[in-house]
Structures are given as C-alpha cells and as structure tokens.
Amino acid sequence: MKTARRRAREFAVQGIYEWELNPDRPASLIEKHLRENEYFVKADEALFRGILYGVLKDVETLSAQVSRYYERADDEVSPVERAVLLMAALELTQSPETPYPVIINEAIEITKTFGGTDGHKFVNGVLDKLAADVRGDEVLAQKQRRKQD
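Using the UniProt record's numbering, the letters of the sequence shown map in sequence onto residues 1 to 149.
Keep in mind the hints are simulated off the structure, nothing from the lab.
Here the structure is a predicted model, which means the values were calculated and not measured.
The hints are all genuine.
Simulated DEER-style distance windows between Cβ atoms: (1) Pro101 - His33: 29 to 37 Å; (2) Leu29 - Lys2: 21 to 29 Å; (3) Thr117 - Asp74: 18 to 26 Å; (4) Glu60 - Gly136: 17 to 25 Å.
Glycine residues also receive a C-beta, built at the ideal position from the N, C-alpha and C atoms.
Can you build the whole structure from these sequences, using the hints too?
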C-alpha cells in the first residue's frame, strides 16, 4: 500500500513532467488536472504542493545542482528522470527534516514506476553525489552507523 507521502511525490513528479513538456502551462492548471485523479485524495496535499510549486519556482537552481553530477546534455536525460531528480533535489536541499536515505529511496522507487528500465540507477548515482555535497554530515553519520552494525 502506498503512503500519502509517496502518492504526493508521484503526483508532484507527474506535474513536473507535465510542466517540462508544456512550460507555458500554469502550475495551477497542472495542479487542477492532477486533482482530477481519483487517488489524489489519498496524497499528502501539503507535500505535493510544496514539491510542485517549489520545483517550478526554483527549476533553474535545482537543474544546475543536479546536472553537475552527470555528463549528459540535459536534453539526453529522460523527462521522467529529470522530474524525479528535480523533486529529490528540492527535498534534499530544502527539507532537512526528511532523512536523505528516504528521499533517495522514494526517488528510486518512483523512477522504477514511471521511468525507463535502468533509469533508477542513474537517479541513484546522481542523488548519492548530491546528498554527499548538500548533506555531508548526515551522509557521513549514516556511513559510520552502517560500519558499527
């Protein structure tokens, strides 16, 4: 069973994807379209809105953050993978209350659902590097805990 937070992230990725394909479409229209889905009522609305509007507001900054970690041209990254990367970058940089492994795991699972066959591997690699840069202390602490276990 999907959690409300997973559903929110999935809807946010769909909204970011829709915006990428139609950048002139207002976020409010994208949100309205997504709300028509019968499962939207099961999503964490605050998280959904925070991600969708947060990404669209800071898309240039977030794009620059993630594109540092891959050697492809932006137009060679699938729109699904790009939407997931933007979502996760927003959460990694602006939601310190959510542990970074949760953000990365959610991104991987959403990419497996909506993306290409091995897209989750690409997303994982990029987000591991981003997390090490923006949450270095947390990543180091997690590695030390793993060594102790």
